[in-house]
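Undergrad: Taking the hints as your guide, dock the two standalone chains into a single complex.
Chain order of the listed sequences is H and U.
Taking the numbering used here, I'd label the letters of the first sequence as residues 79 to 208.
Taking the numbering used here, I'd label the letters of the second sequence as residues 189 to 332.
For the record, the hints were derived by calculation from the structure and aren't laboratory data.
Treat the hints loosely; a few may be bogus.
List of simulated lysine-lysine pairs, PhoX-like, C-alpha gap at most 25 angstroms [stated by the list, open to error]: (1) Lys-328(U) / Lys-303(U); (2) Lys-328(U) / Lys-296(U); (3) Lys-303(U) / Lys-234(U); (4) Lys-325(U) / Lys-85(H); (5) Lys-296(U) / Lys-85(H); (6) Lys-328(U) / Lys-85(H).
Listed below, chain by chain, are the residues.
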Amino acid sequence: MDVDREKVIRRVMRTVAREQARSPLPVRLEDGSSPLVVALPGDSVADVFERVGGFGGSANLIVAYAERLKLLSIELNASSETREPADVHPVASIGMLCDWLDCTPDGSAQIRINDAFAAPPVVRELAYAF
Amino acid sequence: MSEVRASTIAVMAGRGDRIRNGRRGREPALPEPDLFHRPEAILCEKTEVPVDLTKPGHRIVQSLWYFDFRLVYFAILWIELTPNGWRERYSVDTGHGYFHEHTHGHAKADRKDIKPLYTYVDVQECFDEGYDLVHGKYVKQSGG
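Isolated chain U (complex conformation) (with noise of 0.2 angstroms):
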């Protein structure tokens, strides 16, 4: 008859890690940075650009928000002109505290956050990028 026993060996950890661990242990946890939100509408310039694009019955608008010449809110949507109006095909924009993307038009739960943002710094960071986005969709699956 022979018997099997499982052993498991626990490795101590140094005295030096054992003090390490145990100071960084004692120290308070760090605060979350809170995420940038856009300062009151009435305070912002506003203002809206569209431009129409190489296919008729297309068209980019960006919506942009000003606020002591910062740039403190954007969103850049590619729109289509169907028989019921201009519909959202995709867009992106800077609400909520996230660059964020809506990748069905604002239809129900299609909201995917791509980053956090934290201060308006990270908007203006964020422009080129989310152009990029829309009118890489718009290229992509228009054909242009």
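Isolated chain H (complex conformation) (with noise of 0.2 angstroms):
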């Protein structure tokens, strides 16, 4: 059992509950749900996008990191005209992505993955809630 995932997961679920009181999760479903992926900074892109996958490729994605938190929407299969997709080895790891993402004049990047796209568009500091 990975006890210090198992621990973020409860921490965050939380911080989710207070913090929506006050900004919904950007990823809301036409069922009106909002799928969360939790993750940890050493998590590999490839591992996350498939568990994001299995919400149907769309869900707001949460970095735990110790002291904070990184939101990120996550849209699976989005093509977008404008942007040149940047590509990502598969076993980068989520936190090199944010580093990068925080590096992009935006925030938001278009990549892709063995040949598939994701856009994380929006990204967002939390803070742990009490």
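TA: Structure below.
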């Protein structure tokens, strides 16, 4: 059992319940649900995107650092005519992806992993709730 | 021939106690506080957040109802994917004026009340305990 990951999921779900009152999660499906994937910074991009695929291809992704949370919205199979997709190696960590997104002008990008496109258009910083 | 006589000794309350008891007896009983019931669904901002867990095919879904930025109702469900679709394994919620659990996935008569709710603050204060109950049950029963 991955004790760290269980602990992180608990912390994140508590934070989300409080945060939702003020600012809802950005990705909301047609059925009204806001699917959530919780990842650690060291998780590989391919694994995380596979878990997003389990929710139908769109999900909120929270990357849980020790003292902060990073919220991304992920849409798989998205295509953009205005952006050139960046190739990301499948074993690259999600933490590296976040660091790279911080360096992009608007914090968003379209990326390609194994010929699958993904667009994380929103990046938001959160603090853990008490 | 011997005779056995049972005797009882009644101890009379002192005068002060009798006066106090009399006063208490004449006081009107305090009304039971009303239990909290969530506002009508149409007035609430509702959201559902499913999260995938460490074991594939298991999720926790939290259904949250807010009214004027207050958490007025929540339901937290541990669900498992079966050949017949998603099945509830364990859940807690704050309906019917009580924070309560459903130990067998809403099967008949599986509701167990944990504590009564009198205001929305009670609902908010139960959230962390509720989430810990559901997540703890998942870790214990599924091996995480």
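Undergrad: Determine for every hint whether it applies to the structure shown.
TA: Verification of the supplied hints:
1. Lys-328(U) / Lys-303(U): holds (23 angstroms)
2. Lys-328(U) / Lys-296(U): OK: Lys-328(U) and Lys-296(U) at ~23 angstroms, within 25 angstroms.
3. Lys-303(U) / Lys-234(U): holds (23 angstroms)
4. Lys-325(U) / Lys-85(H): Holds, at about 14 angstroms.
5. Lys-296(U) / Lys-85(H): Violated. Lys-296(U) to Lys-85(H) sits at ~32 angstroms, over the 25 angstroms cutoff.
6. Lys-328(U) / Lys-85(H): The hint holds at about 14 angstroms.
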